[in-house]
Structures are given as structure tokens and as C-alpha cells.
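Engineer: If you want the building blocks of each chain, they are given just below.
Protein chains: 2
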Amino acid sequence: MNEFDIIREVFAPLTAEAPGAFDLVDDVALLENQNLVVTKDLLVSGVHFLPKDPLDLVARKLIRANVSDLAAKGAKPLGYFLGCVWSAGVKREALELFAKGLREDQETYRIALYGGDTTAHATKTAPLTLSATFFGIPPKQGLTSRSGASLGDDLYVSGTIGDAGLGLAALRKEFKFTTVDKASLATRYQLPEPRLSLGAALAGLATAAIDVSDGLLADAGHIAKASGLRAAIDAVAIPRSGAAGSWIAAQENRWRALSQLASFGDDYEILFAAPPAMRRSVTVAAKASRTEVTRIGTLTRGAGVGLLDENGAEIPTKLTGYDHFRS
Amino acid sequence: MNEFDIIREVFAPLTAEAPGAFDLVDDVALLENQNLVVTKDLLVSGVHFLPKDPLDLVARKLIRANVSDLAAKGAKPLGYFLGCVWSAGVKREALELFAKGLREDQETYRIALYGGDTTAHATKTAPLTLSATFFGIPPKQGLTSRSGASLGDDLYVSGTIGDAGLGLAALRKEFKFTTVDKASLATRYQLPEPRLSLGAALAGLATAAIDVSDGLLADAGHIAKASGLRAAIDAVAIPRSGAAGSWIAAQENRWRALSQLASFGDDYEILFAAPPAMRRSVTVAAKASRTEVTRIGTLTRGAGVGLLDENGAEIPTKLTGYDHFRS
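Heads up: the sequence lines are chains A and B, in that order.
Going by UniProt numbering, the letters in the first sequence line up with residues 1 to 327, in that order.
Going by UniProt numbering, the letters in the second sequence line up with residues 1 to 327, in that order.
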């Protein structure tokens, strides 16, 4: 197996829908005349996924993490460029399992591979490192930015929060769950569901949006900072799954547990702001995209993020999202 | 120092020329309506650069390796998306030195940073891994592909071949060189010179082109394979620097040495094909772009690459380019 066989046999078939990819026989690809939204996300073994995670799921998570960024902006994904740095001595079966995952989610999202680079580390212990640059078409209404929220806007989030973080804890055996809960939580960690339909329905309606990847509190902080406001979040309103509910019930301090849940990463839900006058439109958009949406707070004067209890008192939060450079 | 400070303070200033980068406060960038050529190259510590290479030079090599891909296609670079996976515990000074290198070569090539992702490995020993997705404007005459060479076309290469490989050997102390030679060879390895002007001048003239990154023989093989022909290369005609000439003179077997020189990677010269009727035009293009160009062979019937001695007899070549997956 050499590098060129791998490209021709494993990756080139993934470009079938992309004439501009030139079957990966050239060093470049050609994208035809149109406005493009572009995003780039890295996934690193031992940081963003577990070294033992099945490689088809890792491939799909790579696609979904990037698609989620486009979804929050209201964009429609078209294709991607892929960079893989494998550990030395990687086996062909591993590459093929990875490519199988890519193929599955290319079909799910109707996207194609356009190009990239594949190489290997110098050692067997160096971790698999993945990079994807995704591009898509912006919505007619314009991109939903992080920075457009106004004073008094409502804050909403899709789906449920904290499941992916609990799934990671379950896979690491840090907490015990029932078999059913463990399976559903692990799936939330390994195979997120980007909210493409909701993101498209929110274009022109949401004043600001972000996908929740760093954690609900951290990402609310990003919208607040970019918009020059403070995010006030009602802890009890944060939507949670049955499994997360059971976990909270088993914790000593309910407020601390809620704060933890809101600090886990990898939810890939959409957190967005919209004026109170648009509440009915938000409900319509949620229904039209068959996505649960919950109002969880408000944008107020100030800066940062406040997590509030039933009485409006601030809950101490230590965790404000995963920071790869925290020392 | 946290992840968001790094993005805001170290990387956001690099997007000053790119309004579509939104100052890196969003997860996406916007590229305006135009045809784009896109390429992606990875650089991994211990594989594509030495762990002790100064980080400003590593940054510039990352830019130059990608610009070189665009140059060979006749394209004009516009900007890039950057992915960095740092070893755990990286210091701010290291990031700043890296950003300094990016800034220098952004000015050299008049390009801007448009977006990306920055993260860190879980361990201090995991190697710095860099990914860049570059985009540019295709030439009016259309991209110069790998596959357009015709039977009987001449094969040319710019600059001199093998210096970067000797530079790497010098840095690793595998061979001894004079101080002056060592310095010039090391620079060829650490700071390649993409042939942008030549690539632009060859658009519509060269029938096929590639930048020499895998090694002259391997890259000639890529053109040959994509064009359905065989590349016959005159070993003595391969252009070499004074330093490479001294090295060859010190080797026991001159033919073996020439074959090694043609198998080293990282030259970042342009290897291209053109019909014999266009020899004068090639000379004009070389002069106009102030780039040395040497005719080194022909495309013949058959497949693969032949390295020929003065009598046209084939020189045995073991090395046909660096393969990251060779076991």
C-alpha cells in the first residue's frame, strides 16, 4: 500500500459528485463561480475523540462538526477538503473504515470530497489528526452572525444540552448509567446531529447564532461578547434528556450539576438570539424543521454569562467551556 | 493565555486584508463570487520539518508549500485557512514567532488569513501538526493540469534540483558541507521559493505541470501517469547548484548520486511539459519571469520514469520519492 494507491483507491471514489476535484489526480481543485461560506475544524485523537472510537464514527463526527458550523449560519453544505495525518503503520482496513464513514455522511448531507492531503506521522504513538475545510452556500437572507444580538433579545437552544459530555464520561466510565442511557449518550458524543433544517429556517429571523461545541455557557459567552451584551440563562430552563435528568437527580448538588451540564462541549445544537416580537416565528421555524427549540434566557446589559437559579440568583460556574490552551 | 486570547491577539491581526474573515470572531468566512483554485497541504513536525526548525520558518514553509501548488497551476494566491495542532503546553512566544512568519510571507505573496482552527494535543510529545487550505484565482488560459502532456513533448524543470534534500541531510549532519554550502542548502530546505511568476507565464503554454515536492522522479511519474506516457529524463541535464555539484563529485558512484538527487523531495520547482515547437516561447517565459529553466527530457510511449545516462542507458533508481505510507 503506498500513498498514491490510497488516494486513488480509498479517497478518489469519494469525489464522484465533484467534477472540480479532478479525481484527485491533481494538486488542486476548482470551485465554480459563487459566493461561499467556509469553515475549518480539526479533530485530534485523545482530544476530540477517543483513541478507541470506531473510525467510521470519527469520520462522520469530523463531517458533522463542520456541517454544524455551517448549519448555525444558515448555510447549505456543498463539499470539503480533507487532511489526514495517520499514526505511523496505519493499516489499510483502518483507512477503509474511515472512508466508509465519510461515504455514509456524504450521502446524508449530499456533499462531496473535493481534495486534500494524506500523510503519516513519524511514530506509531503520534495521534491521528484530522482537518476538514468545508464550504457551502450562504442563505439568501445573509449569514447569521455571532454579533447581531440586541438588548432584550431572547436566547434559545435546540435539542437537549449536556448529553455528549455525559456520553464521553460514560465511555470513560467516569459515571455509571443504565445500558440504554449509556448507549444514547455515547451516540450523542460520537455522532452529533447538526441542525441544518433549523439553521436554514432561522436565516433572517435569528439575530445571532452559534453551534454549541465549546459548551452552552462558553458559546453563550461568544454571542454575548460579539454582540456587546450579557447572556442571562435560566438554569432550570436548559433542555435536558431523560438520561441527563437521571444523572442530575443522582448528583449531590443540583445547581452544580446543571452548571456542569451547561459546560460540557460537543452538543452541536444551535444557540441563537431573536427579538421577543418574533416568538411566534421561532415556534413556526422550529416546527417547520421538526426540531425542538427551548427559550432559555435573555440578552441583557453587561458582559459575560450568568447562569441563574429559580430566584434569579447567580449560580457559581467554574467551567466556562473547554480551553485547549488552559495550563 | 486561553484559546480565545490567542485567536484574537495572535491570529486575528493576520486577517486585516480579508473582510470576509470577520476578524475571526465567527466560525465561518465568506468568499465572494469568483472561480477559485483550492489546494491543501499538511506539514507535520518530524516528517515535513525538523522539530528544532525555527517556527517562523516553519510558518513560511507552510505558506510556500501551498503557494507552490498554486504556482504550478498558473494560479494567483488570494488567501488561506489555517489549522494548527500544537503540542500540549506550547508557550505564547512560540505562537507569536509562528505568527511573525505567517505575517512576513502574507506580505511576500499579498495574501490574507481567512479563518481556521487552533487546538492543542493531549500530550507534550505529540508533534506540531499544521494544515493549510489555500485558494487563488485560476489563470485566464485555464489551469495547467498534470494530465495534458502529449507524446514527444519536452520536459523542463525550473531552478536546481536536490538542494532541499541535501539541506535536510546537512541539518541532520548526515553529510558534511562547507559552511557556505550548508547555509545555502539549509535555506532551500527551510524556505523554498515557489515559482509564481514562471507558473503564470506558463499558463496556456505548458501542456502539463506539477511542483516538485515528492522528488523529481516521483513527480515526473505523476505527470507521466496522468498523461498516459513515459518520462525519459537525461540524468546529466538535471540542473544542480554548485553545492550539489560538490556533493556529487565527492560520491563514489556519480550515477547513483544523480539518481539520489532526483529522488529527494521539497524542491518546490516547477516540472512541466511543452511541445518542441514551443521551445522559443518557453525561453521567453523563463526570461520574462527571471527564472532559470532547463530542458531535461521527453515524454515517450510507455509508462513510468526512466533516468538515462549519457548513452541513453537506464540508470537503476531505487528511490522514487518519499512515500509516507511505505512500510
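Hint data in this document are derived by calculation from the structure and do not stem from the laboratory.
Please note that the accuracy of each hint is not assured.
Quick list of in silico lysine-lysine cross-link-like pairs, DSSO-like style, CA-CA up to 27 Å [as the list claims (entries may be wrong)]:
| no. | chain 1 | residue 1 | chain 2 | residue 2 |
| --- | --- | --- | --- | --- |
| 1 | B | 318 | A | 91 |
| 2 | A | 318 | B | 124 |
| 3 | B | 176 | B | 124 |
| 4 | B | 140 | B | 76 |
| 5 | B | 318 | B | 173 |
| 6 | A | 76 | A | 182 |
| 7 | B | 91 | A | 225 |
| 8 | A | 124 | B | 225 |
| 9 | B | 91 | A | 124 |
| 10 | A | 91 | B | 225 |
| 11 | A | 124 | B | 124 |
| 12 | B | 91 | B | 52 |
| 13 | A | 52 | B | 76 |
| 14 | B | 91 | A | 318 |
| 15 | A | 124 | B | 173 |
| 16 | A | 124 | B | 52 |
| 17 | B | 124 | A | 91 |
| 18 | B | 176 | B | 318 |
| 19 | A | 176 | A | 318 |
| 20 | B | 182 | B | 76 |
| 21 | A | 173 | B | 124 |
| 22 | B | 52 | B | 76 |
| 23 | B | 52 | B | 100 |
| 24 | A | 318 | A | 173 |
| 25 | A | 91 | A | 52 |
Engineer: Next, verify each hint and record whether it holds.
Structural biologist: Do the hints match the structure? See the list:
Restraint check for residue 318(B) and residue 91(A): satisfied, since their Cα atoms lie roughly 24 Å apart, inside the 27 Å limit. Taken as a hint, the residue 318(A) and residue 124(B) pair is honoured in the structure, with Cα atoms around 25 Å apart against an allowance of 27 Å. Distance hint between residue 176(B) and residue 124(B) is unfulfilled; the C-alpha atoms sit about 32 Å from each other, more than 27 Å. A hinted pair counts as satisfied when its Cα atoms are at most 27 Å apart, and residue 140(B) with residue 76(B) qualifies at roughly 11 Å.
For the hint linking residue 318(B) to residue 173(B), the alpha-carbon distance of about 23 Å falls within 27 Å, and the restraint holds. Our distance criterion of 27 Å between C-alpha atoms is broken by residue 76(A) and residue 182(A), whose separation comes to about 32 Å. Among the hinted pairs, residue 91(B) with residue 225(A) is consistent with the structure: their alpha-carbon atoms are about 26 Å apart, no more than 27 Å. For a cut-off of 27 Å, the pair hint linking residue 124(A) to residue 225(B) is broken: about 32 Å separates their Cα positions.
Proximity of residue 91(B) to residue 124(A) is assessed by CA-CA distance (about 26 Å); at most 27 Å being required, the pair is judged to hold. Simply put, residue 91(A) and residue 225(B) have alpha-carbon atoms about 26 Å apart, close enough for the 27 Å limit, and the pair holds. With a C-alpha separation of about 15 Å, the suggested pair residue 124(A) and residue 124(B) falls inside the 27 Å cut-off, and the hint holds. Restraint check for residue 91(B) and residue 52(B): satisfied, since their Cα atoms lie roughly 15 Å apart, inside the 27 Å limit.
A distance of roughly 42 Å separates the Cα atoms of residue 52(A) and residue 76(B); the hinted pair therefore is violated under the 27 Å criterion. Our distance criterion of 27 Å between C-alpha atoms is met by residue 91(B) and residue 318(A), whose separation comes to about 24 Å. Under the criterion of a C-alpha separation no larger than 27 Å, the hint pairing residue 124(A) with residue 173(B) is consistent with the structure, at around 25 Å. This hinted pair checks out: residue 124(A) and residue 52(B) have alpha carbons roughly 20 Å apart, not beyond 27 Å.
Annotation: proposed proximity of residue 124(B) to residue 91(A) holds, straight-line Cα distance about 26 Å (limit 27 Å). Distance check on the hinted pair: residue 176(B) and residue 318(B) sit about 23 Å apart at the alpha-carbon level, within 27 Å; holds. Taken as a hint, the residue 176(A) and residue 318(A) pair is honoured in the structure, with Cα atoms around 24 Å apart against an allowance of 27 Å. Distance hint between residue 182(B) and residue 76(B) is unfulfilled; the C-alpha atoms sit about 32 Å from each other, more than 27 Å.
Restraint check for residue 173(A) and residue 124(B): satisfied, since their Cα atoms lie roughly 25 Å apart, inside the 27 Å limit. Between residue 52(B) and residue 76(B) the CA atoms are separated by roughly 32 Å; this puts the pair beyond 27 Å, and the hint is violated. A hinted pair counts as satisfied when its Cα atoms are at most 27 Å apart, and residue 52(B) with residue 100(B) qualifies at roughly 17 Å. A distance of roughly 23 Å separates the Cα atoms of residue 318(A) and residue 173(A); the hinted pair therefore holds under the 27 Å criterion.
Note on residue 91(A) and residue 52(A): the hinted pairing holds, with a Cα-Cα distance of about 15 Å set against a maximum of 27 Å.
The structure fails hints 3, 6, 8, 13, 20 and 22 (numbered hints given earlier, in ascending order).
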